[in-house]
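Engineer: Chains as they are written, first to last, in this note's numbering: chain A, 93 to 496; chain B, 49 to 130.
Be aware that one or more of the hints could be misleading.
Claimed, not checked - Simulated restraints on C-beta separations: (1) 348/A to 118/B: 18 to 26 Å; (2) 112/B to 198/A: 56 to 64 Å; (3) 84/B to 474/A: 18 to 26 Å; (4) 351/A to 129/B: 32 to 40 Å; (5) 107/B to 215/A: 37 to 45 Å; (6) 408/A to 84/B: 44 to 52 Å; (7) 407/A to 106/B: 56 to 64 Å; (8) 405/A to 55/B: 24 to 32 Å; (9) 407/A to 116/B: 50 to 58 Å; (10) 85/B to 405/A: 42 to 50 Å; (11) 55/B to 474/A: 54 to 62 Å; (12) 458/A to 107/B: 19 to 27 Å.
Claimed, not checked - Calculated cross-link-like contacts (lysine to any residue; reagent style SDA-like; alpha-carbon spacing at most 20 Å): (13) 102/B to 85/B; (14) 81/B to 473/A; (15) 102/B to 219/A; (16) 81/B to 308/A; (17) 102/B to 374/A; (18) 81/B to 117/B; (19) 80/B to 372/A; (20) 80/B to 373/A; (21) 81/B to 111/B; (22) 308/A to 264/A; (23) 102/B to 473/A; (24) 102/B to 373/A; (25) 81/B to 219/A.
No lab work stands behind these hints: they were computed from the structure. Every residue gets a Cβ at the ideal spot worked out from N, C-alpha and C, and that includes glycine.
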Amino acid sequence: MAYFDAASAEPLHRSGREALLAALDEGWADPARLHREGRRAQLLLDQAREATAAELGCRPDELSFTSSGTQAVHLAVLGAVQARQSAARGPGHLVESAVEHSSVLAAADWLARRTGTAVTITGVDQAGRADVTEFAAAVQRDRTLLACLQSANQEVGTLQPVAEVTAACLDSGVPLLVDIAASAGRMPVPGGWALLTASARKWGGPAGVGVLAVRKGTRWREPFPADDRENRRVPGFPNVPAVLAAAASLTAVSRERGSTDTALRALVDRIRSEVPRTVPDSVVHGDPAARLPHIVTFSCLYVDGEALVTELDRAGFSVSSGSACAAGSGQPSHVLAAMGALTHGNVRVSLPRDVSAAAVSEFLDALPPIVARVRDTVRAGTAAAPASDPRSPDPRGAVKRPGR
Amino acid sequence: MSDAPVPVADQVLDCTGMACPLPVVKTSQAIKKIEAGQVLELLATDPGVEPDMKAWTGRTGNELLGIAREGDVFHVLIRRTR
Chain A
93 MAYFDAASAE PLHRSGREAL LAALDEGWAD PARLHREGRR AQLLLDQARE ATAAELGCRP
153 DELSFTSSGT QAVHLAVLGA VQARQSAARG PGHLVESAVE HSSVLAAADW LARRTGTAVT
213 ITGVDQAGRA DVTEFAAAVQ RDRTLLACLQ SANQEVGTLQ PVAEVTAACL DSGVPLLVDI
273 AASAGRMPVP GGWALLTASA RKWGGPAGVG VLAVRKGTRW REPFPADDRE NRRVPGFPNV
333 PAVLAAAASL TAVSRERGST DTALRALVDR IRSEVPRTVP DSVVHGDPAA RLPHIVTFSC
393 LYVDGEALVT ELDRAGFSVS SGSACAAGSG QPSHVLAAMG ALTHGNVRVS LPRDVSAAAV
453 SEFLDALPPI VARVRDTVRA GTAAAPASDP RSPDPRGAVK RPGR
Chain B
49 MSDAPVPVAD QVLDCTGMAC PLPVVKTSQA IKKIEAGQVL ELLATDPGVE PDMKAWTGRT
109 GNELLGIARE GDVFHVLIRR TR
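With the rest of the complex left out, here is chain B (with noise of 0.2 Å):
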């Protein structure tokens, strides 16, 4: 994460528990049910989860805000953007 002020999730996805590729395939769902501009948060524990998420946006082009780890859960900010 940077400095910049942390945007405030709209929806959150909680994947806490899942193997790969669940993360990944709930947030591709996810990411359809909300709007082009909203921020999606998804919790993980899976550990392929943050090099996933990386790939997974640059491949879909939605826009990744950063990822967090707070003991075993990662938090995945990811705007929508189309």
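Pulled out of the complex, with its shape left as it was, chain A reads as follows (with noise of 0.2 Å):
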């Protein structure tokens, strides 16, 4: 059996076992309450914090806990247009890329639905990576409030080119949220920043924790009812001993970050360089170099993608895939679309830090079958279809001749 859907959850790293094991005997008390329980919380939750703040570029006091990553994205979009929004500016401007994680997407839809904010999403090349002549251009409108831009790309893994973008937020003076979910303890984090995102799961710490940083001097007000947690920006009693784990984790990923991405890395390029030689009609998205380490998907033409999820799943491969029918949604990948990439047969495969050469050498022997079986189906169901009948409605699936 080979896990390979890191993307979405790095399994968690043996030291954010440890402590977390360690902390849910010593944490567990509220960390606001001043008895001996509660204080030691307390310092179990400052030395989470000033950890997760040392790797990720930031003073502890601009970094809170969230219950997930999503939230810390809703928080960050939220909270910093809310407080640039005034009667003079009206509803404002917001910018983002159009393969922004949905918690993005999501956040700055409900904006404009809720307060009328204006929403400009700007494209990206084939490789994903967002094209900074034109959001350098939406920044510069009037009343821009906020932008998004991501580290690196969840689905394809491509990098962005965040440097870029902040010389055009700082000229506009123009808040620049990056979230760094995607990439995480796997690459530097990029500096420029207003606001930054984050999500434990991905980079090897429990589910559950997500990482919201608001760089001091930037403008943010807590969009929900108040509360005292988390420097006032997240409500709610935090988790201390799945945050200390998470910041155990993170400093550990950090560390032999060295060693396990270059592994990573020769991984993919096999893959990548494989895949379209042993499979027929496929095509290998994102960029070939610029990306994040252990990120890599492709698509297959004429295959249905949940089947290909599933048969792979059954021979023993945990993936994941960005066509609609394997969507919970129904919707195909709004990355791949934007990226005019083919969103049918689609497979993302993000390897674990832990994973051999060996299990990635028989999912290259069992894909090109698999794939084979999968579309001996779909030609299979195609050829039962129902022939055209001049005398009835059309059937679907049948060609006509349209009358003239």
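From the two separate chains plus the hints, produce the assembled complex.
Structural biologist: As structure tokens, this is what we get:
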């Protein structure tokens, strides 16, 4: 069995697991209380905050723990925009790339519907890289209150031009939200951000922990009913054991990055070169060089993505897919669509840190016959489609010559 | 679609109600049954059909003349090039 969906959730790092088990005994109390147990929990929370802030390049008081990456993004977008909206400015304008995580797109859409904020979604190239010129031009529009650009794409791994966009944002006095969920613990954190968001389960921490950092001097206002927790940025009692485990994992994976990334890059390079060679009518997406170390995504023509994921799972390989048929929403990947890439027959392979070269070899051996089998099934289904009958309404799937 | 006159389809392929990858599979089969220069109109409701037909025509060299949407139905016009 091989788990290749680390971009959704990296298995919990052993350092995080040890910290979690220890903290369940030591850090269960309410850290806001003054009694001994509360002080102990507060001490652990402070340690976690300092360690995480050090890894992410911010001050501890700039960093708040959330209950997920999605919650961090929602708080970042809503809090930054609503703090800068005014009677004079009006509902303002927000800029985001077309390939941001769905949580960014959803928060912007929510603002548009609830407060009338204008939203500009800027394009990407065929590799999924944001168009800097288009993005910078959009940022320069009047009353732009926030710009959002991820550090790297979660589906195809392409790195984004954050440094170039940062310059445009600084010139225009527009705060930049950089969502580093896909790259945290795997790449250096880009500079120039005003708001930063991440998700612990993607770096090898536990599920249920996200990170929101608001750079000192950035205007931000709590968008929901205020709460004293987490610098008044996040409502609710923090999960101290999980937060401590997230911090321990981040410290460990950052320390190990030099060795793991080299190995992951080589394995991804191998998948990128072998799949188009061994699987007919397949195409690999994303930038081949300027990319995350562990993600590779490809699509196979004439293949049912859901069936492909199911067959791979049956063969012992856990992968994800951006195909509409494999998505709970029934919609194809907005990332692939923005890139103009094939959305069906899509597979995302994201390698965990402890993946073996043998597991990747087994996957590469298993993939071509599985794709061929799924294709045969699809073709058999189309061959069984009803023939066109000129006396009856056009059956679906039938070709007809239109009347002239 | 551009402002240019809309080409008249020589054949229509109705794939409404079908999920990916059937619209692309059936299009690849149907395009082989028309002559080079002729136009196929694909009708489909699958939400992935727009990016997929762009990618498919780009890969196969057939010409994507335009994609229009009426309600839930995408009308995709493709000219066979060879």
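Engineer: Run every hint past the structure and note whether it holds.
Structural biologist: Quick rundown of the hints versus the structure:
{"no.": "1", "hint": "348/A to 118/B: 18 to 26 Å", "result": "violated (54 Å)"}
{"no.": "2", "hint": "112/B to 198/A: 56 to 64 Å", "result": "violated (30 Å)"}
{"no.": "3", "hint": "84/B to 474/A: 18 to 26 Å", "result": "holds (23 Å)"}
{"no.": "4", "hint": "351/A to 129/B: 32 to 40 Å", "result": "violated (50 Å)"}
{"no.": "5", "hint": "107/B to 215/A: 37 to 45 Å", "result": "violated (21 Å)"}
{"no.": "6", "hint": "408/A to 84/B: 44 to 52 Å", "result": "holds (45 Å)"}
{"no.": "7", "hint": "407/A to 106/B: 56 to 64 Å", "result": "violated (31 Å)"}
{"no.": "8", "hint": "405/A to 55/B: 24 to 32 Å", "result": "violated (44 Å)"}
{"no.": "9", "hint": "407/A to 116/B: 50 to 58 Å", "result": "violated (41 Å)"}
{"no.": "10", "hint": "85/B to 405/A: 42 to 50 Å", "result": "holds (44 Å)"}
{"no.": "11", "hint": "55/B to 474/A: 54 to 62 Å", "result": "violated (26 Å)"}
{"no.": "12", "hint": "458/A to 107/B: 19 to 27 Å", "result": "holds (25 Å)"}
{"no.": "13", "hint": "102/B to 85/B", "result": "holds (18 Å)"}
{"no.": "14", "hint": "81/B to 473/A", "result": "holds (19 Å)"}
{"no.": "15", "hint": "102/B to 219/A", "result": "holds (15 Å)"}
{"no.": "16", "hint": "81/B to 308/A", "result": "violated (65 Å)"}
{"no.": "17", "hint": "102/B to 374/A", "result": "holds (15 Å)"}
{"no.": "18", "hint": "81/B to 117/B", "result": "violated (25 Å)"}
{"no.": "19", "hint": "80/B to 372/A", "result": "holds (19 Å)"}
{"no.": "20", "hint": "80/B to 373/A", "result": "holds (17 Å)"}
{"no.": "21", "hint": "81/B to 111/B", "result": "holds (16 Å)"}
{"no.": "22", "hint": "308/A to 264/A", "result": "holds (18 Å)"}
{"no.": "23", "hint": "102/B to 473/A", "result": "violated (24 Å)"}
{"no.": "24", "hint": "102/B to 373/A", "result": "holds (15 Å)"}
{"no.": "25", "hint": "81/B to 219/A", "result": "violated (34 Å)"}
Checked against the numbered hints above, the structure violates hints 1, 2, 4, 5, 7, 8, 9, 11, 16, 18, 23, 25; every other hint is satisfied.
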